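Number of protein chains: 2
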Amino acid sequence: MSKRIHSYQPRVGHGLPHDPIASILGPRPIGWISSRDADGRLNLAPYSFFNIFNYRPPIVAFSSVCEKDSVRNCRAVGEFVYNLATRELAEQMNLTSAAVAPDVDEFSLAGLTPAASKVISVPRVNESPVALECRVCEVFQLEGADTALIDTWMVLAEVVAVHIDESLLRDGIYDTAAARPILRGGGAADYFEITPQARFAMRRP
Amino acid sequence: MSKRIHSYQPRVGHGLPHDPIASILGPRPIGWISSRDADGRLNLAPYSFFNIFNYRPPIVAFSSVCEKDSVRNCRAVGEFVYNLATRELAEQMNLTSAAVAPDVDEFSLAGLTPAASKVISVPRVNESPVALECRVCEVFQLEGADTALIDTWMVLAEVVAVHIDESLLRDGIYDTAAARPILRGGGAADYFEITPQARFAMRRP
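Chains A and B supply the protein sequences, listed in that same order.
If you count by our numbering, then the first sequence holds residues 9 to 213, one letter each, in order.
If you count by our numbering, then the second sequence holds residues 9 to 213, one letter each, in order.
Hints are computed from structural coordinates only; laboratory data are not their basis.
Remember, it's a predicted structure, so these values are computed and weren't measured experimentally.
Hints may contain errors.
Remember, identical chains collapse to one label, so a pair may be satisfied in a single copy or spanning two.
[Claimed, not checked] Taking lysine to any residue and the SDA-like style, the derived pairs with C-alpha atoms no more than 20 Å apart in a straight line are:
| no. | residue 1 | residue 2 |
| --- | --- | --- |
| 1 | Lys-126 | Arg-12 |
| 2 | Lys-126 | Gly-21 |
| 3 | Lys-76 | Ile-13 |
| 4 | Lys-126 | Gly-23 |
| 5 | Lys-11 | Pro-213 |
| 6 | Lys-76 | Ala-118 |
| 7 | Lys-76 | Val-108 |
| 8 | Lys-76 | Gln-149 |
Bound conformation, chain A alone (with noise of 0.2 Å):
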């Protein structure tokens, strides 16, 4: 680091214009996240607090600023589907952050097609080339250092069915960069694509 550095402690404040932790902890894979209520209604969010935990069994998480209608929905079902975020969808998984009622399917907000999945009940979007299936494992709230609860839910599933649209595989290899995956950065309205020339290569030591 140089000599100039902006320090703060976050309880205390930033003392910049924006929040930057969003920036810093950026860009984020991006939970497009599919799932119902119990009388079937459904429900699709972006969650880009999220990531996998674990390979084998895959294990995912992701966490909700507030308990929306994903977090009320695994708990009353167990089950979502993950959905891969695409350049090619991103206008339409955009469309599926409004701020709406529980009431509105948003598939149909966007005009994506809900198909079927092969192990759990939840669909998952038919354009997007990757699904993951997913049964819930642990629902639980954050706390901060100091124990006390923050309004933010926390939701860790195990994925039970992969499917991968089979023009991704190469030799069958998934080709992550193939699939132009989109991720989230800080501020209102940043993310960031995924393209082959951002690749590079390194061998652990």
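For chain A, the structure is supplied; the task is to place chain B on it using the hints.
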């Protein structure tokens, strides 16, 4: 999705030359985690099972397949530092991923300089342009959807102090791409770099 879909259930087998899951859920942000044990021995290692999960206060999480030194240190000391892994520091970050004995200090191994933190007792990487001092909230073992415990530990922590090289602030706004962060893809060697050209803007509807 086209009509040619490769589908599988992870617990049964992926039926491909390589497990595609880490390539699908990628590229991923890297938590380059410095920690220390109770005797003050330093550790530094990259984790791509990492992300932010809450804004205010900022909560980050990483997981470690097998209970590695970083997790043991987080449990013993309750603190760690997130350091930003940039394109410039990629080779050094890669050196810190070597599987070495607990008494090996990866700062020395990679020729990096520990710099004192402000709030916690664990040093940051001086060469990295961003550091987040973190206090551990929870350390727990993951479980599958069948509730069986998995040999992977998850660490949740609150960011209690932030340090940003001022060269990354434009009119006080943090410029994600200017830092040239690197992300982890799948396979043995895949990384991606983020450049300003990769950015696009979409406002929430």
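Going down the list of hints, with the structure as the test:
1. Taking the closest pair of Cα atoms, Lys-126 and Arg-12 come within 20 Å of each other only across two copies (15 Å); inside a single copy the shortest separation is 55 Å, beyond that limit.
2. Taking identical chains as interchangeable, the C-alpha atoms of Lys-126 and Gly-21 lie at most 20 Å apart only when they sit on different chains, with a minimum of 15 Å there against 48 Å within one chain.
3. When the C-alpha separation of Lys-76 and Ile-13 is checked against a cutoff of 20 Å, the pair qualifies neither within a copy, at 37 Å, nor between copies, at 32 Å.
4. Within a single copy, Lys-126 and Gly-23 get their C-alpha atoms only as close as 50 Å, which misses the 20 Å cut-off; across copies the closest is 17 Å, which meets it.
5. Taking the shortest Cα distances, Lys-11 and Pro-213 never come within 20 Å of each other, neither inside one copy (32 Å) nor across copies (41 Å).
6. For the identical chains of this complex, Lys-76 and Ala-118 are intra-copy neighbours only, at 19 Å inside a copy versus 44 Å across copies, given an alpha-carbon limit of 20 Å.
7. When the C-alpha separation of Lys-76 and Val-108 is checked against a cutoff of 20 Å, the pair qualifies only within one copy, where the shortest distance is 11 Å, while the shortest distance between copies is 43 Å.
8. For the identical chains of this complex, Lys-76 and Gln-149 are intra-copy neighbours only, at 13 Å inside a copy versus 26 Å across copies, given an alpha-carbon limit of 20 Å.
Going down the numbered hints, you'll see the structure goes against 3 and 5, while the others check out.
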